[in-house]
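If you read the protein sequences in the order shown, they are chains A and B. Here the first sequence stands for residues 1396 to 1821, where the numbers follow our numbering. Here the second sequence stands for residues 2 to 151, where the numbers follow our numbering.
Label pairs and their calculated CB-CB ranges:
no., chain 1, residue 1, chain 2, residue 2, range
1, A, Asp1670, B, Arg143, 47 to 53 Å
2, B, Glu10, A, Ser1564, 20 to 26 Å
3, A, Ile1539, B, Ala36, 26 to 32 Å
4, B, Asn52, A, Gln1551, 38 to 44 Å
5, A, Gln1759, B, Asn7, 47 to 53 Å
6, B, Ala85, A, Ala1413, 48 to 54 Å
7, A, Arg1688, B, Ala17, 28 to 34 Å
8, A, Lys1639, B, Gln105, 39 to 45 Å
9, B, Pro20, A, Asp1754, 33 to 39 Å
10, B, Asn52, A, Ser1399, 57 to 63 Å
11, B, Asn52, A, Asn1719, 41 to 47 Å
Please keep in mind that the hints were generated in silico from the structure rather than gathered at the bench. Even glycine gets a Cβ: it sits at the ideal position worked out from N, Cα and C.
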Amino acid sequence: MSASLERGLNAFKGQIDAPVAAFFSSCVRCGLCAEACLFYTETDDPTLTPIHKLEPLRRVWRQEYTFWGKLAKAVGLSKPVTDEELTEWEPLVYDSCTMCGRCSMVCPVGNEIAYMIRKMREGMAAAGHAPTDLIGATQRAVTIGSPMGVKLPALQAQIRHAEAELGFSIPVDVEGADYMLLLSSMEIMNFPEFISAIARIFKHANVSWTISSEAFEATNSGIQIGVSEIAAELVERIVTAAGKLKVKSVISPECGHAYMAIRWEGPNLIGRPYDFKVVHILELLDELREQGRLQTTGKETQRLTYHDPCQISRRGGVVQQPRNLIDMVAGDFVEMPETGTMNWCCGAGGGVSANERADELRLQVFKRKKKQLDAIHPDALVSACSNCRIYLEDGLEENGMDMPVLSLTETIAEHLAGSEQPGSKD
Amino acid sequence: MTRINNDSEFRIALDALDPARQRQVAARFVENVLALCSDERIARVLRVAGNSESSEDALAEALKTARATTFDCHTRCGSEGDWAEQAGYFVARAATAALTPIGQMPSGPAWQAALSSRMAQTSQSIVTGDDTAGQESNQQYRILSEFLES
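Using the sequences and the hints, build the whole thing.
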């Protein structure tokens, strides 16, 4: 057995906690998870059945933690997990699963399959079976602080650009602010208008906020690749910065997995509760709406629909807030056939978009989103995750669908009442 | 000559233009930063966008090309970013905005094309280290002023 395989199998063993053991022993092999997974429904490939993606982990559980499995292993009747099998499983675990959690919603015995995939990735990474692209992203996240290599001077340039557009300052390193805003590298690089949209809204609503120059990155590559030590280190950087600036809350931006990482996994990763609250930007905007601090003017006349980012809606619980916000600015809103907690993934989450090897499959499974959209024929698609946004654009383009994809936060900012708009006509 | 001096006047003037004129002036904003994009498709689509005689079919085809170029130029989530290439992405995005029908873009195609062109210049400034914030805006004010006079 190679050292890396041994490391991987030990990592598998270490990952098998009570929930994982309970889930494996509860699985009745009904196959319902297959019908909930777009990678199966759009390919009809049985190897892409969610529970099948966990087969090496299941075998380790059986051989190491069950009476009959241990006995079979002792008398040489069970097949050990091999390096070749892990090579075979790598695309199943990383390319064909976005950890969207839809499978978990339909499991009749309540198995959290996405949680198990997350656990399995720990073993796969330890065994050296993680995609090269994700390894590179993770290394950059550790050494530079951003999976895309975004350094502070680049953020500062984007902030200066936004300030020139806005005509007022964006707060950086302000001690004692109520909120510390995180940004994803995707936003800084591909959608920097998000920064000015937030600044306009917060000025309008009189929100006390800041960006930390020491920890501005929201994403967590450690979670995507499956290395908890790195994931914990990335969370610690945010915790340290929030403590230094003495903020009351940290805002997760329009990025799905960043929210999952900082809000739900973070305290468990670092082994202690935070001294601050974590809110998703849509949660905060909806709070401001409820308090009457967010006022908009005018409505979109085009027919809008909302794509629920899986980690924000299904796994994060932020389902009603975006709808409340859309209601402020949409004159014609229509839901997709399956939406909210049962929405279909864009196909690019969970590190799939970072993995070039998965491109062809990602576009193939986009057919599911196409079917949803074909059922309602919207003019534009609104979402709240920059990763979803760019890969929805790709899928729409690939399928010849003429439909812009809009950021919900930016759309709200565009409709702000008062004079916070650059070049406002109010 | 109508002189535009700030974003407020700039945006009011843009919004007063009919869709075809918005598209044409947006094309001029993008042309001003075209050198930052190495993809030749953008120069072609700008010729269509800037031409008052372009047919609906030609505009639709140009938009399709601009969108495809934008996606091809974007920095993939998790991959190492190159700000010089990113400038090209924003030029492509600006061209896409210029060609997008007015009803599909809440902020207006010309305004969005202007913003994306500024972002292209900002991306380039990250490469060079120069502080160019505001410079592209001033050039756009001039372009629009001249366009309104033409």
